[in-house]
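S.K.: Those protein sequence lines, which keep their order, are chains Z and R.
Letter 41 of the first sequence, counting from 1, is numbered 579 in the working numbering, and no numbers are missing.
Letter 49 of the second sequence, counting from 1, is numbered 950 in the working numbering, and no numbers are missing.
What the hints contain is simulated information worked out from the structure, not anything from laboratory work.
The beta-carbon is built from N, C-alpha and C at its ideal position, and this holds for glycine as well.
A portion of the hints provided could be inaccurate.
[Unchecked claim] Sample of chain R residues lacking proximity to chain Z, with all beta carbon distances greater than 10 Å (derived):
1) 926
2) 974
3) 1001
[To be verified] Capping the alpha-carbon separation at 30 Å, the derived lysine-lysine pairs in DSS-like fashion look like this:
4) 546(Z) x 1031(R)
5) 935(R) x 1031(R)
6) 546(Z) x 961(R)
7) 935(R) x 961(R)
8) 1109(R) x 1031(R)
9) 1109(R) x 961(R)
10) 1087(R) x 961(R)
11) 935(R) x 546(Z)
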Amino acid sequence: VSAATLAKVDVALGTDAPLPRANGELVFEEVWQGRALGLGVVLLERTGASWSEFRDHLVAAIAAHVAAPGESAATAYYTAWLDAVEALLRRRNVSI
Amino acid sequence: MSDDHEHDDGVHHERPASPIELRARALEALLVEKGFVSTDAIDAVIELYENDVGPQNGAKVVARAWVDPAYRERLLADGAAAIAELGYGGDEASTLVVVPNGPGVHNAVVCTLCSCYPWPVLGLPPSWYKSAPYRARMVSEPCAVLREFGLELPADTTIRIWDSSAEVRYLVLPERPAGTEGWDEKALAAIVTRDVMIGVALPAAERKSA
């Protein structure tokens, strides 16, 4: 995984489900959010799964997400991100 | 992050893990067990995201050019080679041209066709950069657009608009603001924002806590 991969991820997520950023820099409020992102990137790169399929799962998960009271945008996003990783795995019949 | 590591540092947080944190950890553990991912690979990606992508790279380039005239010359002569000196790059397909602001001259960058952007130094473009109004109006009425960004330039300023393409990407080198004499590179880099390097803002000599 290189910087070019990360740029590809940004392009694939597009404006439908962009990574949370402030002044162009990623926002991680807690360690698990960065790990969730890293997990998704490594999983997709290692398995060759398509980023556009993942983006569709992510967009659906964001739409379905019910925010808890006081939940931050980054927490909501990365919760949906985990949902999307699980949806992708289920699509591939990986038991989780 | 393993608990052992936290103990080694003598920093052990007593705060119990939240449900979402536990869920994230469980999913990672499961995928590691299945051999889909490795903890090291995830660590490497996080490190890339923390260090290698984002406008902080460009900000360090600008700060270096402000303190080192020889570096500034190399940067203006060959942007890609000069950013590679600082360890940035990865966009071999395109040339990086650094356009310097000067007395009475202001530069700004747009991509009228799509959203070409110098991502090795600036990370992801902001959503407005890709918007049709910015792309069209930055060329036809740059003063009005800059004013909307809160940037008022003297009336006699020459404004140069640079249209990015797949082959050539542009980065604006702003003038070092007065009042920053004696600042170190880190303090200087902290005032160079993404918008400054696109050319829709100017750096202000206000110290930021790094």
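S.K.: State for each hint whether it applies.
M.R.: Evaluation of the provided hints:
no. : hint              : in the structure
1   : 926               : violated (7 Å)
2   : 974               : holds (26 Å)
3   : 1001              : holds (21 Å)
4   : 546(Z) x 1031(R)  : holds (16 Å)
5   : 935(R) x 1031(R)  : violated (40 Å)
6   : 546(Z) x 961(R)   : holds (23 Å)
7   : 935(R) x 961(R)   : violated (41 Å)
8   : 1109(R) x 1031(R) : holds (29 Å)
9   : 1109(R) x 961(R)  : holds (14 Å)
10  : 1087(R) x 961(R)  : holds (8 Å)
11  : 935(R) x 546(Z)   : holds (26 Å)
In summary, the numbered hints that this structure violates are 1, 5 and 7.
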